[in-house]
Amino acid sequence: MSATTTEYQVTGMTCGHCEMSVREEVGEIPGAEVVEVSSATGKLVVSGDVDDAAVIAAVTEAGYTAAKA
Numbered sequence: 001m002s003a004t005t006t007e008y009q010v011t012g013m014t015c016g017h018c019e020m021s022v023r024e025e026v027g028e029i030p031g032a033e034v035v036e037v038s039s040a041t042g043k044l045v046v047s048g049d050v051d052d053a054a055v056i057a058a059v060t061e062a063g064y065t066a067a068k069a
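FYI, the numbering used here numbers position 5 of the sequence shown as 5, with every residue one higher than the one before it.
Read the hints as simulated data drawn from the structure, not as lab findings. Don't take every hint at face value.
The list that follows gives simulated cross-link-like pairs (lysine to aspartate or glutamate, EDC-like), each with its CA atoms no further than 20 Å apart [claimed, not checked]:
no., residue 1, residue 2
1, K68, D52
2, K68, E24
3, K43, E25
4, K68, E36
5, K43, E24
6, K43, E28
7, K43, E61
8, K68, E7
9, K68, E19
10, K68, E28
11, K68, E33
12, K43, E7
13, K68, D51
14, K43, E19
Please work from the sequences and hints to get the whole structure.
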């Protein structure tokens, strides 16, 4: 299976610390290669072979809400 890039919309992030929390949680998912987060736009872009449910669960674990964009 080839790596894909998926975009999610995250609500609740307001600062760089928020971005770091989301990046750390999502980065722990096996198969996640690149994780880009912006609190300004609420955009989370994940590259790699990852399951949508795993990404959403990781964002929830970080204390925020995510939905596939």
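Exercise for the section: Mind checking the alpha carbons of K43 and E24 for me, to see if they're no more than 20 Å apart? Expected result: Holds - the C-alpha atoms of E24 and K43 are around 15 Å apart, at most 20 Å.
Handout entry: Satisfaction of hint between E19 and K43, Cα-Cα up to 20 Å
Key = holds (10 Å)
Exercise for the section: Assess, step by step, whether the Cα of K68 is no farther than 20 Å from the Cα of E19, and give holds or violated. Expected result: holds (17 Å)
Handout entry: Pairwise hint evaluation, E36 against K68, where the allowed Cα distance is 20 Å at most
Key = Between K68 and E36 the Cα gap is close to 14 Å, so the pair holds against 20 Å.
Exercise for the section: Verify the proposed pairing of K68 with E28, using a straight-line Cα cut of 20 Å. Expected result: holds (19 Å)
Exercise for the section: Take a quick look at whether K68 and E24 sit within 20 Å of each other, Cα to Cα. Expected result: The hint holds at about 19 Å.
Exercise for the section: Measure nothing beyond the straight line between the CA atoms of K68 and D51; if it is 20 Å or shorter, mark the hint as holding. Expected result: With Cα atoms ~11 Å apart, K68 and D51 stay inside 20 Å; holds.
Exercise for the section: For the pair we were handed, K43 and E61, check the Cα-Cα distance against 20 Å. Expected result: At roughly 17 Å apart (the allowed maximum being 20 Å), E61 and K43 satisfy the hint.
Exercise for the section: Take a quick look at whether K43 and E28 sit within 20 Å of each other, Cα to Cα. Expected result: holds (18 Å)
Problem - Satisfaction of hint between E7 and K68, Cα-Cα up to 20 Å - result: At roughly 6 Å apart (the allowed maximum being 20 Å), E7 and K68 satisfy the hint.
Exercise for the section: Take a quick look at whether K68 and D52 sit within 20 Å of each other, Cα to Cα. Expected result: Between K68 and D52 the Cα gap is close to 7 Å, so the pair holds against 20 Å.
Handout entry: 20 Å Cα cutoff - pair K43, E25
Key = Distance ~15 Å between K43 and E25 Cα, so the pair holds.
Checked against the numbered hints given earlier, this structure breaks none of them.
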